[in-house]
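Peer 1: One line per chain: the protein sequences are A and B, in this order. 719 is the number of the first residue of the first sequence in the numbering used here; add one for each residue after it. -7 is the number of the first residue of the second sequence in the numbering used here; add one for each residue after it.
If you're looking for bench data, these hints aren't it; they were derived computationally from the structure. Quick caveat, the model's predicted, so the values are computed rather than measured. A few of these clues could be false.
Claimed, not checked - Below, computed lysine to aspartate or glutamate pairings styled on DMTMM-like, alpha-carbon distance capped at 25 angstroms:
1. A:LYS862 <-> B:ASP134
2. A:LYS926 <-> B:GLU30
3. A:LYS775 <-> A:ASP757
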Amino acid sequence: MTCKHLIAAPILGLALAGLAQGAGADTLRLLTWGGYAPDNVVEMFEKETGHTVEVTKSNNEEMIAKLRATGGGGFDLAQPSQDRIAGPQAEFGIYKPINLAMIDEAQFIPSMLAATIANTTVDGAAYGVPHIWGTSGLVLDTSKAGMVKDYTDLCDDAVAGKVSYRLKRPTLIGFAFAMGMDPFAAYGDEAAYKGIMEKVEAKLVECKPNVKTYWSGGDELMNLLRSGEVVAAMAWDTGGWKLNADNPNITFVAPTSGALGWIDTFALPAKGQADEAAYAWINFVMRPEVAAMITEAAGNFTASKGADQFASDALKAQFTASFPPEAVDNIKWYPPVPAGLEAIEGGVLDRVKAAN
Amino acid sequence: MQGGTRLGFVLLLTPLLLWLGLLIVIPHIDMFLVSIKERVGVGEYDTSLANYGTFFAETLYLWTFLRTAVMSILATAITLLIAFPVSYYIAKIAKGRLQSALFLLCLVPFWVSELVRTFGWMILLRETGVFSSLLQWAGLADQPVEMLYNDAAIMVGLVYTSMLFMVVPLVTTLESLDNAVIEAGYDLGGNGFSVLREIVIPHAMPGIVSGCIVVFMLSLGNYLTPTMLGGKDSLWFTELIYAQFIVRFNWELGAAFGFMLLILSSVIVWATLRLTGQTLRDTLG
């Protein structure tokens, strides 16, 4: 008898403690990018709200694939790019609308909030609010590849065998712009888009001997550039700035045809179970001082109003060096990708990969 | 008593049936159903064989599959050539503690994950890597040599990752070969080659076949090694499947590719068994 009690008591205690925790605090399962939820921010949030945060690092394609596999379950908050929400939402219905009343709109840069909401609206409901923005362009070792000014210069003989880029859609878009075409204007017209992609395909096949390897992960590219095996690459601005800190010759350069601008958002997966915690997280990380901590970790600026005052001077200096005012105006922001375009791009990428 | 053994039989069989049913049969049925859907509009799908049509119509996909299959067969052959002498030495020539030590040495690399082992090869082979630096230091090369990102690098990686799966079955079958039989072969006037051909290889055949099947299937289904070591020209069939599922959101085509991989690899294994006059029953028995 006593023996049974001895066992039962702690179990009962544990169960009660579990119940008590379940009432006020949730577990927020966050599907995000590396650096977007640094440990110190997560710790502050957990201390302040009592919620716990489980971070899963991913990328755009994987996020959509994961949510599609579960019909929008398994996570409570996701961070896809703003152009990749409307299409998958129309096709797979993996998100639920954002209740803007739950969000402290005053913390956002108004123009960026309005643009993101407009781009992520499906059937009259908004599905995303902005979080972090940045660009992709060229990362160059200026001492060896100073002549590279635009994406198409990557095919120049001067950098033969020392070039790397991703075999993904930003490369197709970037090359199309550098070749004087406007793929974004052709988004709505499948035939015109196919025509543009065919020209890009021919260019990429012709350019292939110049490429050392197609990189697929950020760390892989960092290694290639740091070791000097690659001197010119297509990559994100933060990658260039990070390398710039170690080697002043390497930096991010906005190509003459314009850097490609992306905004990563907050979106609620359709079967998320901790909306309250999700909204609390959004409002928490958009506070200027918290947003500045994330900028420090991720290297990119946020859509939080006033956060740039807290950003480090080194990062600001790198930003202004890479982006003179006219380059900022020339940033090409991704419009929402219509459902189905990925199939055209997929065929092009497969054929480029297979070409000799 | 009769009822007791029956119950025991059912209980023992249940995990196997659950394993087969839940993890293999049901997912494959589901994948087949996905593969016969064709996207006709936003969120609208028709039932058709269009995805299989794409596989055969776009020569690139068939070509990639053939390339993957040929490379895998080659990798299997090389693995067998290297693993056979190694296994023979471990099973027949080495004795006692040396035998266990050698066998353990074959196992050791598999204690670290495949990813780490592949990274190891990248460190060795890359332009600023160990081999390249050694060659320059020795004066055999006057500039950095790139040994990564080509078919030879893929082959090295594949053979290395699948070595163990050839050595283990070979050692097991060779150990069961009675030394007296080999001696009898020599006593009857055989030389090293004829003993190997007439006695050792026929005895080891089940081990060779099962090792080859495992290595071939592992190479064909390998994703990591070809992608990391092959670089821009890797072109491996599993990579195409991954791209369809994850990058292009085209699960329908990806599922069709997955099915083609299953069917074609089964055909290749079956055909090889027929050609070499082996049956699956001998191999497993």
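Peer 1: Is LYS862 of chain A within 25 angstroms of ASP134 of chain B, Cα to Cα?
Peer 2: holds (20 angstroms)
Peer 1: With a cut-off of 25 angstroms on the C-alpha distance, tell me whether LYS926 of chain A and GLU30 of chain B pass.
Peer 2: Given that 25 angstroms is the threshold and the Cα spacing comes to 33 angstroms, the pair is violated.
Peer 1: Measure nothing beyond the straight line between the CA atoms of LYS775 of chain A and ASP757 of chain A; if it is 25 angstroms or shorter, mark the hint as holding.
Peer 2: holds (13 angstroms)
Taken one by one, the earlier hints fail for this structure only at number 2.
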